[in-house]
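Residue numbers (full-length UniProt numbering), protein chains in the order written: chain A, 1 to 341; chain B, 1 to 330; chain C, 1 to 323.
If you are wondering where the hints come from, they were derived from the structure by calculation, not from laboratory data.
Every value quoted in this text rests on a predicted model; they were computed, and no experiment measured them.
A couple of the hints might just be wrong.
[Claimed, not checked] Cut-off 35 Å, straight-line C-alpha distance, at most; resulting in silico cross-link-like pairs (DSBU-like, lysine-lysine):
{"no.": "1", "chain 1": "A", "residue 1": "K59", "chain 2": "B", "residue 2": "K108"}
{"no.": "2", "chain 1": "C", "residue 1": "K202", "chain 2": "A", "residue 2": "K267"}
{"no.": "3", "chain 1": "A", "residue 1": "K22", "chain 2": "B", "residue 2": "K146"}
[What the hints assert, rightly or not] What the simulated footprint calls covered on chain B by chain A, stretch by stretch (three residues with Cβ under 8 Å from a Cβ of chain A suffice, anywhere in the stretch; the number is not a length):
{"no.": "4", "segment": "176-189"}
{"no.": "5", "segment": "219-233"}
Here a beta-carbon is modelled for each residue, glycine too, at the ideal position from N, C-alpha and C.
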Amino acid sequence: MSNFLEVKDLSVSFPTEDGLVKAVDNLSFSLEKGKTLGIVGESGSGKSVTSLAILGLHKGSTAEVTGEILINGQDINSMPENEVRLLRGNLMSMIFQDALAALHPYYTVGNQIAEAYLVHNKVSKKVAKERAIEMLDRVGIPEPKKRVDDFPHQFSGGMRQRAMIAMALSCNPSLLIADEPTTALDVTVQAQIIDLLRDLQKEFNTSIILITHDLGVVAETADDILLMYAGKEIEYGTVRDVLQKPQHPYGWGLLTSIPRLTGDPNKNLLAIAGTPPSLISVPSGCAFHPRCSYVTQVGSACSSAIPELLPIHSGAHHLVRCHLESSVREDIFRTQVEPSL
Amino acid sequence: MFSYLIRRVVSGVVVLGIVSAIVFGIFFILPADPARLSCGKTCSEELIVKIRHTLELDQTLPVQYGRFIKGIFVGRTYLGGTEAELNCSAPCLGYSFQTDQPVTALLKDRLPATASIAFGASILWLLIGLSSGIVSALRRGTWVDKMSQGVALGAASLQIYFVGLVLQFIFVNKLAWLPTPGYSSPFQYPLDWAKQMALPWITLAFLLSAIYSRLTRAGMIEIMGEDYVRTARAKGLSNRTINLKHTLRGAITPIVTVFGLDLGGLLGGAVITEYVFNIPGLGKLSTDAVSNLDLPVIIGTVMFSAFFIIIANILVDLLYAVLDPKVRIQ
Amino acid sequence: MTSILKVEGLTKHFPGNKHSLLGKRDVVQAVDGISFEVAKGEAIGLVGESGCGKSTTGRLITRLLEPTSGKIEFNGIDISHLSNSQMRPIREDLQIIFQDPYASLNPRHTVGTIVASPFRIGGVTPEGGVKKRVQELLEIVGLNPEHYNRYPHEFSGGQRQRIGIARALALRPKLIVADEPVSALDVSIQAQVINLLKDLQKQFDIAFIFIAHDLAVVRHFAQRVAVMYLGNIVEIADRDTLYSNPKHPYTKALLSAVPEVDPDAIGSRERIRLTGDVPNPINPPSGCRFRTRCWKAQDICATNPPELLHIGSSQVACHFPEQ
Chain A
1 MSNFLEVKDL SVSFPTEDGL VKAVDNLSFS LEKGKTLGIV GESGSGKSVT
51 SLAILGLHKG STAEVTGEIL INGQDINSMP ENEVRLLRGN LMSMIFQDAL
101 AALHPYYTVG NQIAEAYLVH NKVSKKVAKE RAIEMLDRVG IPEPKKRVDD
151 FPHQFSGGMR QRAMIAMALS CNPSLLIADE PTTALDVTVQ AQIIDLLRDL
201 QKEFNTSIIL ITHDLGVVAE TADDILLMYA GKEIEYGTVR DVLQKPQHPY
251 GWGLLTSIPR LTGDPNKNLL AIAGTPPSLI SVPSGCAFHP RCSYVTQVGS
301 ACSSAIPELL PIHSGAHHLV RCHLESSVRE DIFRTQVEPS L
Chain B
1 MFSYLIRRVV SGVVVLGIVS AIVFGIFFIL PADPARLSCG KTCSEELIVK
51 IRHTLELDQT LPVQYGRFIK GIFVGRTYLG GTEAELNCSA PCLGYSFQTD
101 QPVTALLKDR LPATASIAFG ASILWLLIGL SSGIVSALRR GTWVDKMSQG
151 VALGAASLQI YFVGLVLQFI FVNKLAWLPT PGYSSPFQYP LDWAKQMALP
201 WITLAFLLSA IYSRLTRAGM IEIMGEDYVR TARAKGLSNR TINLKHTLRG
251 AITPIVTVFG LDLGGLLGGA VITEYVFNIP GLGKLSTDAV SNLDLPVIIG
301 TVMFSAFFII IANILVDLLY AVLDPKVRIQ
Chain C
1 MTSILKVEGL TKHFPGNKHS LLGKRDVVQA VDGISFEVAK GEAIGLVGES
51 GCGKSTTGRL ITRLLEPTSG KIEFNGIDIS HLSNSQMRPI REDLQIIFQD
101 PYASLNPRHT VGTIVASPFR IGGVTPEGGV KKRVQELLEI VGLNPEHYNR
151 YPHEFSGGQR QRIGIARALA LRPKLIVADE PVSALDVSIQ AQVINLLKDL
201 QKQFDIAFIF IAHDLAVVRH FAQRVAVMYL GNIVEIADRD TLYSNPKHPY
251 TKALLSAVPE VDPDAIGSRE RIRLTGDVPN PINPPSGCRF RTRCWKAQDI
301 CATNPPELLH IGSSQVACHF PEQ
């Protein structure tokens, strides 16, 4: 099956007073129609910068974007802004973490949804408003005819995120980028929104890029996972591969450090030492090496050479960027990581 | 919302009362004697006593104040010196010591000139200030931005009496493109009115548009960083829609606030402008009244400008509710 | 068990908006008549979604807020309505850690000054001097003691939270209220702080009230857990009972909503999906406040507020608890 989205060697850098900061460094991934890719990382990992690049939203800023972003074979990155604009909200759209901040406080929810529909469809305002009501109904807003004239602050947190989704899907986009869509929500509402996204994906065959720091949310929604650290992808594979047989020490750390509802609660969590690096001073070699417990098994390469992103064994679709020998990695995983998962 | 409006009106009336009491009190304790001032050249002790009685200056302060307030609401009767009683119907602010005209008539007379300056200039400065501010914000860091903000900074630090006189020297005295500023009725002589008002408008607009330009630029730049502007871009809207419908709309509230207060303040008398260009408006009326210690006129003009400022405040708050649904719905 | 804290019928109503000139002001019923006890050295978790009143409860207990009614007994003393100056000696034993490690530290003070502030306020000079004790404290929370002269902005989020913890520990308190102490931190940092708090709790035998929205985090910290909903406690039980055998429908729904990390376990779990959001605490539902989202609700739920009753080893406020 051909890939609907293909990102090749994407890099995004920002000029700052401290020099050029590489927020995203040589990122490549692909996404099929109707599938979900979870991009997982902590603050500063470059996951949000990546999502904005796919929508071409760095155009017109000081950011330098190189590489290819192919949607249906068209390269977004080399396309001029006035052409990308016509794809935004239409072929590809985005929902954001904080729906209260992401919706205009002075316009009604209906107005904002209708506006998104009107830019890309030659219809009357009345038709656009009907579309807004229809979308609100579809995302599960009760009494949509009445609520369409409400302002964002009159909606509850969960309803606002639903309204954002309604707005993003109003033009039936083929690609939806969801940037931490449930992080600001309560857990029972988060579950509703995850269900809603899953249902809508099935219905419209939308491809979704889900940006999150929450492994649980990815596990419940994504097909593939891309793990990012300090602007680089360090592990890439199916959800099962990455969450059940993670290969990168950072992935191990993440999985063993998150508290879960199962397992022995009296055992201390296996935390990752140190803090995520600042992009202004990314450690040399493997960016994770100052926090990695297995540097001694490799030696100086960790701090001097950037490991390549390679299949864990030939032909595998599970890629990892680590200097550890695959047999050593296998061994560490089986003896030290798996027992505490 | 309605009860809010009532609360605001009531508190406005209370403020007006306080203002009037303070102005009244200040003039009472001043060392100057209004009776002597209005007495003229052929003055005798006898006459002063009589005038003092006529002007009711021989009453206690509370009595004078009480009658003053009564005059505003129901009108009052003056002894009127030797002649018959003078009936001053509500709203009565008394009679000028200098010209014996009713203060309300004076105010009514002078308001059109001031209003002409205020409205004309405000349209001009809004147009210039907003558009240059928007352009600056959108072209941040370019030479257009630097130049317009440089001019704005320079203009904001100049003074009316300097700019006004320089412009008058150039356009009236040297080039003779414009007549000497003054006031004629816009309904009878619209062209003369516009020509005479041009310099006051330009002068005021020059200085105030600088402030509005900076305010607009700062507001626009702040809103451009808001999440909802990013959402507007993600929807694929055109730059024009993003800038005007989303960004400017988000930034407009503080500008409207400042504008309302500026306009309200100006309507109470564009004191310096009127003085510089010698225009018979409320500002000129009040400066003249102060130099002549014309007590009723001073009180009248102060209360009139306080009235405009309070009205402007209430209107700004109502406008806030129109602009911000969060305020409206609460 | 001897309790360090006893809360009875604790209530906090905040004044809300006024809608008309003569109309009544809204009342936000943030916390409405909750009772619980914390034993000496016990770690209790307080969980619930936004607006459930858990943070308000924490602020009431530490008397950063004045309760509307009810009683807070700390270490045998009724502190419900003590004044600030009366509270001062008690604060030595009763500390709070805040969620936002950025906002809760004064950016103009050095870490040394911040951590030493309880000594200054309490007028206590620790053995060996303030500086020595501050350095000890920094070491205890895993910070470099040489860094006492640095400012908060020189530290990362996790380190700043450690500074807040060191400050709370300074006077060796008997009870620490930790209000969402890890929710602002990156995933990889959360575990460090949870482990630290857990170690400190055991090492110094400090009672903890751990306030969090994340059920999994609380499970790794608390021995007993209280679940709050819209100003009420709906269930209190020891950890293992609560997580393996929740009695209140809300607890059950909350647990089932936590996303599962293991892809294989996702299908096998019971899924309960609540509809709608938490209602407005200005106008909470009559009777049982959860009934509007509860799939078990009957007529009685709308009329009679359920009491918190013992069922097995749990305390549950529900007319139709799970078995």
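Here is what the structure says about each hint:
1. A/K59 / B/K108: 58 Å, violated
2. C/K202 / A/K267: 13 Å, holds
3. A/K22 / B/K146: 30 Å, holds
4. 176-189: violated (count 0)
5. 219-233: Since 7 is at least three, the answer is holds.
Violated hints, listed in ascending order, are 1 and 4; each of the other numbered hints is respected by the structure.
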